[in-house]
Every structure is written in structure tokens, then in C-alpha cells.
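In the order they appear, the protein sequences are chains S and E. When you line the first sequence up against our numbering, it's residues 110 to 344, in that order. When you line the second sequence up against our numbering, it's residues 110 to 344, in that order.
Some clues are possibly wrong.
Same chains, same label: a pair holds when it works inside one copy or across any pair of copies.
Below, simulated DSSO-like cross-link-like pairs (lysine-lysine); rule was C-alpha separation at most 27 Å, straight line [said to hold, decoys possible]: (1) K228 - K306; (2) K202 - K228; (3) K317 - K304; (4) K304 - K228.
For the record, the hints were derived by calculation from the structure and aren't laboratory data.
There are 2 protein chains.
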Amino acid sequence: MSYRTGHLYGLGIGPGDPELLTLKALRILKSVPVIAYPISAEKRSLAYSIVEQYLRGNQIEVPILLPFKLTESSQPYYDKAANKLVAYLSQGKSVAILCEGNPFFFGTFIYLYIRLADKFPTTVVPGVSSIMASASALGIPLSCSNDIFLVLSAILPPEVLASRLALADAAVIIKIGRHFCKVCNVLQQLRLMEKAKFIEYATMSSQKIIPIKEVNPDNVPYFSMILIPSHTVFS
Amino acid sequence: MSYRTGHLYGLGIGPGDPELLTLKALRILKSVPVIAYPISAEKRSLAYSIVEQYLRGNQIEVPILLPFKLTESSQPYYDKAANKLVAYLSQGKSVAILCEGNPFFFGTFIYLYIRLADKFPTTVVPGVSSIMASASALGIPLSCSNDIFLVLSAILPPEVLASRLALADAAVIIKIGRHFCKVCNVLQQLRLMEKAKFIEYATMSSQKIIPIKEVNPDNVPYFSMILIPSHTVFS
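Pulled out of the complex, with its shape left as it was, chain S reads as follows:
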């Protein structure tokens, strides 16, 4: 007797605005019996809130607890989550994992993908990245022509940030959070403060665009970024 397993989907659901889902993500979201999504320790899920209005109401919902403390290893969390999903997939139930932005671009989905993709048929549906959405929300072209474009995490040491930024034409620094002051020091050193634009929670209802010099460094969320647009765009 042949037996079919379920299909695994990494579903890019975009940066926050529910209207930035793709037609493909919406179709799959509505068709699968099982929806999985990351939750924080407070049981909230940004990903779930983005798609909530589209759910049929009769799908199995599987919250996946992810680590949010930097002091503990995240691998046991992913192992546990993968095991949970294996149970459904092995029963022939297809599972869509909701991924904010784009699954394969700085997404925690990647850690589930490497545990599951060799065992089950898998499709990764690309989504609108928050980086692209931030540029649109700010009304700032990001890069053009033959620009060298860079994405950096704010957690990197200042000397690494500075050396890489010095070699790029346009850049986005992600996950600003508590690293705001460090990043601003680097931007000042490189004379990039005048060009830099700050945005938090791009396209979400909580989106804020604040002139970078007016940002309160004590109150910068993880989901914030600084864009340094190309100098070639307007020249």
C-alpha cells in the first residue's frame, strides 16, 4: 500500500500589511489542513495576526515556541518544533509554516527547513521582504543601476559595520533594537547620518517613521531598520 505524506510549505506572508500577501500564499494558506506559526513567550504571534482574517476557522493551528533569550541555545526549540510538524506530515497532512517577510531571507523558517525538507516534499513561497517594504513606506529608492547593495545586522561589532558600509553604495541595517546608538556612531563616523532613514514596524498598523536624530534610543524595537539609500539615485 502506498502512502502519501503531507506537503510542507514555507509561506512568505510579507512584512505586516495583510494586503501584501501574494495570491499564491493566500491560495495555499486557505487550502492546507495545518497552519504552523512562531509564537513568543507571551504567546503572541505577529505572523498569525497578519493572516488571521483569511483563515477558514477549521484548520489545525500549531503554535511553535521560539527562543527569544540570547542566553540559551535555540536548537532544542527547533528540534521540538520539527518533531511536532513531522507528526502531521507523516499522517499525510500538509503544513504551511507562516513566515514574516520572505522565508529564505533572515527567516527562522530556515532552521525548520534544514530539519524537514529532505524528509517531505517542500515548497518555499517567496514573500515581500520588510526591507523592500521599508523603502516603499519611506518613499526612498533603495538601489539602482550597478549599485553595491548590502544588508547588515545591527548586532555586528562597530568596526565590522563600518568597514562593510564603507564599501557599499546602498545599505539596510536590520534588527536595530538596543544597538541604535552604536549604529549611529558608525554612521556619524562615515558621514552617513544625513542620508540615513529610520523606520519601525514597516507596513504594520504600528508603523513609525521618525527622523533619525529624534529617535529615543531607549525605545527602539527589534523590528526596526535604518536605510542608507543609494547616492547614485538622485545624481
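Place chain E on chain S using the hints.
The following block gives chain E in isolation, referenced to the frame of chain S:
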């Protein structure tokens, strides 16, 4: 007597698969009286072919001729295109410019934006970038954690490509075309050939994934890219 101008939309329509349009792009596409799209000298339009199935049939269609010869200045083309669109916008007709991928990321839309956005109310709708779609099509996580991520154009000199690639954890080289051999030489020099993945026309019906060592250098299209995924993903 007050007079309302039209609204200008830069509409990200994604990398090629019509199902990768966002719900927002589809809504605006169907609602505007005027659709503008780039065409090549042969009058073909990739952007138009992506959305053709969604058009109502009673919209004004404005082809925009873009330069494709490197030997001539592109600015007069954009001036002419902008003037064409001003005529509709001034009459109170909203215009959606179709943009492959994401409008503010290496998009020719940027050159129209800088000519029109200060004169008319403008909204830029982000789309799925071909870079993100390529990673999904290849089944390769692009970057994770605190990776340094880079996008480079293949047209850059080999020493620039090499110096930047050496400082990144993950990279995408776009617009490969006739620069394929030069790029491969750089990748060999940096011992990146084993990791590099080649794809052309990602998510389009003409999509091809070819092992990089089997690519015919004489037949590489402009819409192709080489991905160098993060080494941290699988470690």
C-alpha cells in the same frame, strides 16, 4: 474650482509568476484607468505578460519605450515617458506603472519616480524581488542570523566583485548575461564555485536551473543570477 490630479502607483508585480502578485497590487491594477509598462525595442513587455490575465480590457495602455543599448543615454527616454504620464495624471487619471520585482530595488521605475513623485500623489507598492524568488526556486536559504548579505551587478570590474564578495557571508550576483565568464573567474579565485548556484528567468515559464559548470557562457540571459548562499545556514 479645485481640480484633482491622478494618483501615481509604482506597482511591484513580482518576479514572473503571475500568482506572486500581492493582493494590493492586484486591487490597484484592476482599479486604475491607465496602465503603463516598459517595452523593449521589439515591443515586447515582460511586465505586461505577467499581469495580462488580470486586466479588465477597458484600461488605457501606455507602453514606455526604454533604452536597451548601452551606447546611448537613457535620460531622454525617461523624460519622454514621464511627459506621456504627466498628460494622464494632469487630467485626473490615475496611472499604475508595472514594475517587475520590487519597484525601488534596481528598478527602472526609479527614474520615473524622481521625475514625477514631487508633482503627483504617489504610492509605491513593494513586490516580491527576483532575488528572493530565486532562492526559493533553488531551494536554498539565502542568509540567516547575522549574515552579511550582498547584492552585486555582474557588470562590475572583477577586482570590485572579488573585494566585496570576500567580505560577505552570502551574496547574489545579478544581471549575469555576457559577464558569466568574468564572474566565474572571480568565484574560482575565492573558492566559491562549489557553493555557487545559477538560475535564469526565476519563476517564469522559461525558468532554468543549470549546474554552474554546465552553463553555456555564450547563452546567458540578462535575467539570470548567481546565488552564493550563507555558509552559516548549514553549520
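Here is how each hint holds up against the structure:
1. In this assembly of identical chains, the alpha carbons of K228 and K306 lie at most 27 Å apart only when taken from different copies (22 Å versus 43 Å within one copy).
2. Taking the closest pair of Cα atoms, K202 and K228 come within 27 Å of each other only inside a single copy of the chain (14 Å); across copies the shortest separation is 53 Å, beyond that limit.
3. With identical chains, the CA atoms of K317 and K304 are at most 27 Å apart within one copy only, with a shortest distance of 18 Å there and 39 Å across copies.
4. Taking identical chains as interchangeable, the C-alpha atoms of K304 and K228 lie at most 27 Å apart only when they sit on different chains, with a minimum of 22 Å there against 47 Å within one chain.
The structure fails none of the hints (numbered hints given earlier).
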